[in-house]
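Chemist: Please build the complex by placing chain B on the supplied structure of chain E, with the hints as guidance.
Going down the list, the protein sequences come from chains E and B. Each residue of the first sequence is one higher than the last, beginning at 1 in the numbering used here. Each residue of the second sequence is one higher than the last, beginning at 1001 in the numbering used here.
Keep in mind that the hints were calculated from the coordinates and are not lab data. Possibly wrong hints are sitting among the right ones.
As the list claims (entries may be wrong) - Computed Cβ-Cβ distance ranges for the label pairs, DEER-style: (1) E/86 - B/1016: 35 to 45 Å; (2) E/5 - B/1009: 26 to 36 Å; (3) E/97 - B/1025: 20 to 30 Å; (4) E/98 - B/1040: 24 to 34 Å.
For glycine and all other residues, C-beta sits at the position ideal for the given N, C-alpha and C.
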Amino acid sequence: DGGITQSPKYLFRKEGQNVTLSCEQNLNHDAMYWYRQDPGQGLRLIYYSQIVNDFQKGDIAEGYSVSREKKESFPLTVTSAQKNPTAFYLCASSIVTGNNYGYTFGSGTRLTVV
Amino acid sequence: QQPVQSPQAVILREGEDAVINCSSSKALYSVHWYRQKHGEAPVFLMILLKGGEQKGHDKISASFNEKKQQSSLYLTASQLSYSGTYFCGTGRSNSGYALNFGKGTSLLVTP
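So that you can see chain E by itself, here it is in the shape it has in the complex (with noise of 0.2 Å):
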């Protein structure tokens, strides 16, 4: 079956360092998505990739970093440039064409700064 798939589920940071969150999509999207989620602010967008080797900042990507080397993948990058990354993660995907274009999200990582 297709899906997006996030990994790992959970994931332990310390201060100072870089973490790489995983999103790998089997849908065939050509467009994927980065969400932050905190209780009570809901799904704030960091970065979105529409086409392979291009995307764009959304309104949080300020100490976040991604590449879009292959169609499949759309890793996220914490770096030691946020301040409060300890949020929950949402990986995100979709068509580019029509109007039909649901999103299809990952189950998610849980990022916690110990």
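Modeler: Just chain B now, with coordinates in the frame of chain E:
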């Protein structure tokens, strides 16, 4: 610009109806609705495009009023399985596919 959802939370008895609203200060081109159960990924419910259309999905339907820049999600004869947090997502432009999401509406259906 994050869309505004109301109410923030609602508690229903099984079989009752609920309405969740989503409004934006910017022109809307599309509105998505998702439901997220605790600890799980959001699940796509439906998408509405500008034109004032209404769509339905079982006993869950939604409307989109382009002029008022708002959408409403209607849950009729609620079931226990409807419990969760509902998010609306609005298009960031008329050509891109990235969404702005509201803060969510927590819905609890009790027996």
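Chemist: Decide, hint by hint, whether the structure agrees.
Modeler: Here is how each hint holds up against the structure:
no., hint, in the structure
1, E/86 - B/1016: 35 to 45 Å, "holds (37 Å)"
2, E/5 - B/1009: 26 to 36 Å, "holds (32 Å)"
3, E/97 - B/1025: 20 to 30 Å, "holds (29 Å)"
4, E/98 - B/1040: 24 to 34 Å, "holds (27 Å)"
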